[in-house]
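**Q** One-letter residues, chain by chain:
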Amino acid sequence: MTATVSNPVAALRERYGADLVSEETIDGVPTCRLPRARIHETLKYLKNEIDGPYRMLYDLTAIDERTRLKRSSARSDFTVVYHLFSFERNAYIRIKTALETDAVSVDTITDLWPSANWYEREVWDMFGIRFSGHPHLQRILMPRSWVGHPLRKDHPARATEMGPFSLSAEKEATEQELLRFRPEEWGMRRSSEDTDFIFLNIGPQHPGTHGVLRIVLQLDGEEIVDCVPEIGFHHRGAEKMGERQSWHTYIPYTDRVDYLGGVMNNLAYLTAVEKLAGITVPPRGQVIRVMLSELFRIISHLVWYGTFAQDVGQMSPVFYTFNDRERAFAMIEAICGARMHPNWFRIGGVAADLPRGWDGMFRDFIRYFPPRLAEYDKEVMRNRIFQARTKGIGVITKELGIEWGLTGPGLRASGFEWDFRKKQPYSGYEQFEFDIPTATRGDCYDRAVVRVEEMRQSLRIIEQCVDHMPDGAYKSDHPLASPPIKDRTMHDIETLITHFLSVSWGPVMPAGEALGAIEATKGNNGYYLVSDGSTVSYRTRIRTPSFPHMQMLPLLCRGRMVPDLLAVLGAMDFVLADIDR
Amino acid sequence: MTSPYPIVTMIVILAAALTLAAGLIWVERRLLALWQDRYGPNRVGPFGLLQVLADMIKIFFKEDWIPPFADKAVFIVAPAVILVTVLMSFAVVPFAPGIIISDLNVGLLFVLGMSSLGVYSVVLAGWASENKYALLGGVRAAAQMMSYEVFMGLALMGVVLLAGSFNLTSIVTAQRHVWFVVPQFIGFVLFLIAGVAETRRLPFDLPEAESELIAGFHSEYSGMKFGMFFVGEYLGVILISCLITILFFGGWLGPVLPPIVWFLIKMMFFICFFILLRAALPRPRFDQLMSWGWKVMLPLALANLLVTGAVALVWSS
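Each protein sequence line maps, in turn, to chains V and A.
The numbering of the first sequence is the numbering used here, which starts it at 1 and goes up by one.
The numbering of the second sequence is the numbering used here, which starts it at 1 and goes up by one.
Heads up, a few of these hints could be off.
[To be verified] So the derived label-pair ranges between C-beta atoms look like this:
(1) Gly45(A) <-> Lys423(V): 38 to 46 angstroms
(2) Asp287(A) <-> Glu375(V): 58 to 66 angstroms
(3) Met56(A) <-> Thr160(V): 43 to 51 angstroms
(4) Gly309(A) <-> Thr397(V): 48 to 56 angstroms
(5) His40(V) <-> Ser291(A): 43 to 51 angstroms
(6) Glu375(V) <-> Ser291(A): 26 to 34 angstroms
(7) Lys378(V) <-> Gln288(A): 19 to 27 angstroms
(8) Gly309(A) <-> Lys378(V): 36 to 44 angstroms
(9) Asn201(V) <-> Asp287(A): 19 to 27 angstroms
(10) Lys295(A) <-> Pro370(V): 46 to 54 angstroms
[Claimed, not checked] To spell it out: a stretch of chain A is covered by chain V in this simulated footprint if at least three of its residues, at any positions, have a beta carbon under 8 angstroms from a beta carbon of chain V; those stretches are:
(11) 32–44
(12) 237–247
For the record, the hints were derived by calculation from the structure and aren't laboratory data.
Just so it is clear, CB atoms sit at the ideal spot from N, CA and C, and this is done for glycine as well.
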């Protein structure tokens with residue numbers, strides 16, 4: 001299929017000629033730089049007109065270029081970066097535009113992709129770049145009272161640079177007032193001809209939101225007229241931290257992004273880092289990574305399974321699934337020493353080899369787990385009330401999903417067989433036999449069907465890992481692998497020096513940029529890293545699946561009842577840290 | 001067959017009901033734990049039995065807080081209403097021959113009336129709290145109770161027809177040959193469902209649906225006021241179990257063992273069944289519950305009454 005479609009860069013060059021500058025990148029994603037006046041039409045062309053169109057807005061972010069040493073030829077202070085994805089081509093494309101400090105503004109693309117709304121708000125919030133024509137350009141992650149734009153290089157990164165924090169009564173009152181919801185700001189009316197609407201504030205502290213998420217509902221009785229999800233309460237500046245931590249010491253921070261996905265986050269980050277470094281992970285390292293990642297997929301899905309059932313009022317399943325999760329954690333703990341945040345993968349491999357007797361415990365789990373899943377099928381999936389609560393609720397079609405940046409089980413539930421493990425294999429997934437579960441209707445129930453089946457498939461992959469675990473090194477001997485293998489450090493001075501530098505300063509990644517994206521537990525998780533040829537990343541962009549998924553919420557629950565909101569949220573399977581980062 | 005010492009009976013039944021309600025909290029927590037692969041309360045006293053006592057001490061010493069925005073008088077009255085109405089219902093329950101406070105001729109009607117009054121508690125609590133979640137919970141409760149009480153009463157009319165009396169003692173004695181669950185199986189199922197709805201327990205706990213409405217109508221309640229709702233709910237469970245036992249399973253009737261033991265065995269069975277329901281089922285949506293009530297249960301109850309009436313008529317003539 002890819003052979004018949006044209007080279008996108010050539011097609012764009014034909015249209016824009018000298019306006020277009022194409023860039024070489026380490027990850028091989030076609031990258032073009034265009035003047036900002038051309039951006040809107042370019043993206044429109046790429047979305048709608050080019051053969052093999054790029055239908056999905058995969059990510060939208062920016063880079064503060066002002067302190068970058070090895071920047072590309074174009075003079076710029078900020079770069080806005082658009083990542084698009086084409087399912088026909090199975091390829092990404094990266095479009096950039098340069099902005100200068102006196103004119104940090106670019107046309108909005110919310111008219112092309114509704115999902116650009118939150119992304120543009122985030123870029124405004126973090127970089128102070130304006131998007132002209134945006135319907136609601138307001139801070140999204142930071143509090144409204146925040147001064148400055150955090151991801152700008154001149155914004156302090158540490159609390160110690162900002163002076164002590166104190167909350168005066170006056171400040172508290174202002175902050176509280178800023179949190180008050182004003183329907184008019186969102187274009188909502190307080191009443192219609194025959195009803196006064198209730199505005200119900202759900203969260204940030206509420207048992208049904210799975211974390212610090214705030215949703216304001218406009219209700220007519222119990223029917224949801226409209227809703228506004230408000231995020232940012234879980235924002236911890238993970239991207240900003242990426243600019244301070246060395247390539248190696250950033251790994252534990254990734255664990256906490258999708259905190260149910262554990263080492264799966266390490267894998268997404270390291271896929272990008274290893275592209276920059278040009279490291280190939282040895283087979284044993286790859287298979288250990290796959291095995292642990294799939295175990296974490298099961299762990300994450302188990303949490304989802306139990307809590308989803310609880311969201312629709314079923315009390316018991318959460319205890320069973322957490323019990324199983326505990327067993328899986330025991331295995332993770334035996335190998336990694338930690339449970340939820342093992343921080344186990346390293347640049348070039350994993351932290352240590354598998355312990356003796358590891359396979360026995362996996363084989364026990366492989367025997368133990370399928371009957372349990374069958375039991376849950378009976379208890380949850382085949383329960384009539386559960387079906388009545390979830391079937392036909394929150395329907396997402398394939399087209400709608402692609403439009404809004406939906407990936408992962410949600411997209412597969414709409415009948416689209418798309419799994420990045422199969423389509424763009426990484427870490428040796430091409431060697432494994434497994435199916436891509438799909439469903440047809442794309443409602444909450446189907447999303448559940450897909451996830452449940454995914455657990456079985458993950459178990460299949462784990463079984464293959466256990467049966468065919470290759471021998472050999474668990475970590476690459478590449479000089480940038482970190483921490484470096486120590487075998488010869490005491491024998492020759494060169495290795496000793498390299499080892500010392502790599503351990504004390506951390507490895508120096510070659511300048512360039514790379515996108516590493518994987519099929520994480522909740523959808524496509526990608527790290528877009530920009531290296532300036534230093535021991536730290538110049539820009540760490542984390543594209544998480546939960547962010548675009550949450551943005552769809554109003555779409556899915558308009559006209560439904562309050563309990564349906566809970567079913568939709570439950571079936572979405574989001575993690576607040578994965579939204580806010 | 002009212003007891004010769006009514007005051008003594010009254011005190012004994014009151015104490016027994018309240019103790020049982022408290023004990024039920026422990027039973028429920030332990031049973032749920034058993035079914036959910038965990039331990040449940042097992043630290044305070046033998047088998048964690050004193051946990052309830054500890055909880056009660058805690059709840060009595062909690063700050064009795066009334067939200068400044070609440071409608072104070074109604075806010076205070078609401079939890080008392082539920083306790084009073086449920087306890088009043090126990091007055092006409094015949095636990096065994098002679099163990100009854102007041103053997104009313106219209107016993108069954110009295111119980112139904114009291115349970116209707118109990119709804120006020122929930123609705124008023126939701127209203128007086130001046131909280132949107134509580135209000136939604138209260139509104140749900142009002143709608144749910146109204147629709148489920150309609151066929152609750154109708155479902156029992158079959159029993160009344162067969163027994164020829166509203167008196168609960170006569171209804172029990174009328175089951176000497178065969179328990180009414182046999183001829184009135186549909187009535188039994190209907191009453192069971194309505195009973196769960198009446199006590200607002202899963203799967204009919206919509207007024208306090210935790211994942212949606214936080215705690216629904218009692219979101220703003222704390223301390224002993226919350227405790228009253230809590231105890232009221234458990235007393236409700238006991239009451240409904242007693243009624244099922246009396247109306248459909250022959251009350252105290254049974255061989256060998258003393259009548260009161262039979263009664264308690266049957267009652268405990270249904271209490272456990274209630275707890276099992278809670279462990280097993282998810283919660284339907286509000287509109288599904290309503291349409292289920294009006295479109296399925298009500299016609300069924302009417303049909304059941306019609307058929308029972310016809311059969312009774314033919315039988316007697």
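**Q** All hints are to be evaluated individually against the structure, with a verdict given for each.
**A** Right, here's what the structure says about each hint:
no. : hint                                        : in the structure
1   : Gly45(A) <-> Lys423(V): 38 to 46 angstroms  : violated, 60 angstroms
2   : Asp287(A) <-> Glu375(V): 58 to 66 angstroms : violated, 31 angstroms
3   : Met56(A) <-> Thr160(V): 43 to 51 angstroms  : holds, 50 angstroms
4   : Gly309(A) <-> Thr397(V): 48 to 56 angstroms : holds, 53 angstroms
5   : His40(V) <-> Ser291(A): 43 to 51 angstroms  : holds, 49 angstroms
6   : Glu375(V) <-> Ser291(A): 26 to 34 angstroms : holds, 31 angstroms
7   : Lys378(V) <-> Gln288(A): 19 to 27 angstroms : holds, 22 angstroms
8   : Gly309(A) <-> Lys378(V): 36 to 44 angstroms : holds, 40 angstroms
9   : Asn201(V) <-> Asp287(A): 19 to 27 angstroms : holds, 23 angstroms
10  : Lys295(A) <-> Pro370(V): 46 to 54 angstroms : violated, 40 angstroms
11  : 32–44                                       : holds (count 5)
12  : 237–247                                     : violated (count 0)
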